[in-house]
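Residue numbers (the numbering used here), protein chains in the order written: chain A, 8 to 104; chain B, 94 to 358.
Just so you know, the hints here were simulated from the structure itself, not pulled from any lab data.
Be careful, since some hints might not be right.
As the list claims (entries may be wrong) - The list that follows gives simulated cross-link-like pairs (lysine-lysine, BS3-like), each with its CA atoms no further than 27 Å apart:
hint : chain 1 : residue 1 : chain 2 : residue 2
1    : B       : K104      : B       : K221
2    : B       : K338      : B       : K221
3    : A       : K68       : B       : K357
4    : B       : K312      : B       : K116
5    : B       : K312      : A       : K68
6    : B       : K238      : B       : K104
7    : B       : K161      : B       : K338
8    : A       : K68       : B       : K217
9    : B       : K357      : B       : K116
Fair warning: this is a prediction, and the values are worked out from it, not measured in the lab.
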Amino acid sequence: MSAVCLDQLTLCACVRVKYKITIIIGDFLEVITISINGTVHQFDTPINVTTLIEHMQIGNKRIAIERNGEIVPRGQFNQQMLADGDKLEVVVAVGGG
Amino acid sequence: MSQDNLIIAGKSYSSRLLVGTGKYKDFAETQAAIEASGAEIITIAIRRSNIGQNPNEPNLLDILPPSKYTLLPNTAGCYSADDAVRTLRLARELLDGHSLVKLEVLGDPQSLYPNVVETIAAAKTLVKDGFQVMVYTSDDPIIAKQLEDIGCVAIMPLASLIGSGMGILNPWHLQLIMDRVQVPVIVDAGVGTASDAAIAMELGCHGVLMNTAIAAAQKPVLMAGAMKLAVDAGRAAYLAGRMPKKLYSASPSSPTSGIIASAKK
Numbered sequence: 008m009s010a011v012c013l014d015q016l017t018l019c020a021c022v023r024v025k026y027k028i029t030i031i032i033g034d035f036l037e038v039i040t041i042s043i044n045g046t047v048h049q050f051d052t053p054i055n056v057t058t059l060i061e062h063m064q065i066g067n068k069r070i071a072i073e074r075n076g077e078i079v080p081r082g083q084f085n086q087q088m089l090a091d092g093d094k095l096e097v098v099v100a101v102g103g104g
Numbered sequence: 094m095s096q097d098n099l100i101i102a103g104k105s106y107s108s109r110l111l112v113g114t115g116k117y118k119d120f121a122e123t124q125a126a127i128e129a130s131g132a133e134i135i136t137i138a139i140r141r142s143n144i145g146q147n148p149n150e151p152n153l154l155d156i157l158p159p160s161k162y163t164l165l166p167n168t169a170g171c172y173s174a175d176d177a178v179r180t181l182r183l184a185r186e187l188l189d190g191h192s193l194v195k196l197e198v199l200g201d202p203q204s205l206y207p208n209v210v211e212t213i214a215a216a217k218t219l220v221k222d223g224f225q226v227m228v229y230t231s232d233d234p235i236i237a238k239q240l241e242d243i244g245c246v247a248i249m250p251l252a253s254l255i256g257s258g259m260g261i262l263n264p265w266h267l268q269l270i271m272d273r274v275q276v277p278v279i280v281d282a283g284v285g286t287a288s289d290a291a292i293a294m295e296l297g298c299h300g301v302l303m304n305t306a307i308a309a310a311q312k313p314v315l316m317a318g319a320m321k322l323a324v325d326a327g328r329a330a331y332l333a334g335r336m337p338k339k340l341y342s343a344s345p346s347s348p349t350s351g352i353i354a355s356a357k358k
């Protein structure tokens, strides 16, 4: 290969690496905005449902959660990581006729 | 009456009185009233959790545990089939897969009259999704039959508007419904006092569901006890087979012969 091509290949590789580093830093700085029961909340670290429940102090209640229209099964609370723009409904049983 | 149980979706209940848990003064009154009513099936509503406010406040399910009662989540406040379906899916998750539910889709907030078109749509989705649907509806016998055909496990026609206490306004429609459907018919909405519950049961209804009649009484616990007696009395009267109604009763209870002669001439 000519010297010019080699230089271009190196340049491309550098750009790719630089791009990747930018994304990784970006993930840590990204704020997650979530709507919970109609109120907007912001988190600056990735958060799963279990952590959210502890944060909201509703861990001792029997609750059910809907995320973007889908039920989040209790068994998935640890696995499901909340994403920016998520809309959650967190409900309990109350008196009614 | 030990053999005269109410059977809903294959499960047997000894009480034909179903009671709601709303409008009570506090949890203590709720618990006492439900105890006095003898109800086994009690309705609950599904609402957003108060987040961050008083994490130690008592939970309804602490005083009315699913282990002791059959909890019937409702869709009160839902005006669309979609909202009702979402609410009951949340309820099923909340109650660990419990699938017996009360479906109600309302048409307007002033009358709380059911929107039967949306009710039918919701019922179709819910039955397909494996729910056992007890459906609150109008006293339209055609709609009642359609809801049964969809697969609802009980039909729950109103006697009068929710919370109105107006009693059994149209016994003929209730009779038409009972003549047409095979699943239990449980009057839901409009009962105001004990005689209303007794009338519903005398007509042949399989049960009565009420909330306001007890919770809004001056003495709810006393009324709850009265309702228990009324449902039992009405059911016994129905099973006993009442005498026919006659416009002219040419049939005195005492003998017509051997009457002493009148002294006056």
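Hints, verified against the model:
Under the criterion of a C-alpha separation no larger than 27 Å, the hint pairing K104 (chain B) with K221 (chain B) is consistent with the structure, at around 20 Å. Taken as a hint, the K338 (chain B) and K221 (chain B) pair is broken in the structure, with Cα atoms around 45 Å apart against an allowance of 27 Å. With a C-alpha separation of about 83 Å, the suggested pair K68 (chain A) and K357 (chain B) falls outside the 27 Å cut-off, and the hint is violated. Taking the CA atoms of K312 (chain B) and K116 (chain B), the gap is near 13 Å; set against the 27 Å cutoff, the hint holds.
Of the pairs offered as hints, the one joining K312 (chain B) and K68 (chain A) is violated, with about 31 Å between alpha carbons and a cut-off of 27 Å exceeded. Annotation: proposed proximity of K238 (chain B) to K104 (chain B) holds, straight-line Cα distance about 22 Å (limit 27 Å). In summary, the hint linking K161 (chain B) to K338 (chain B) is not supported, as the alpha carbons are separated by about 43 Å, beyond the 27 Å threshold. The hinted pair formed by K68 (chain A) and K217 (chain B) fails the criterion: a straight-line CA distance of about 32 Å is larger than 27 Å.
At most 27 Å may separate the alpha-carbon atoms for a hinted pair to count; K357 (chain B) and K116 (chain B) exceed this at roughly 64 Å.
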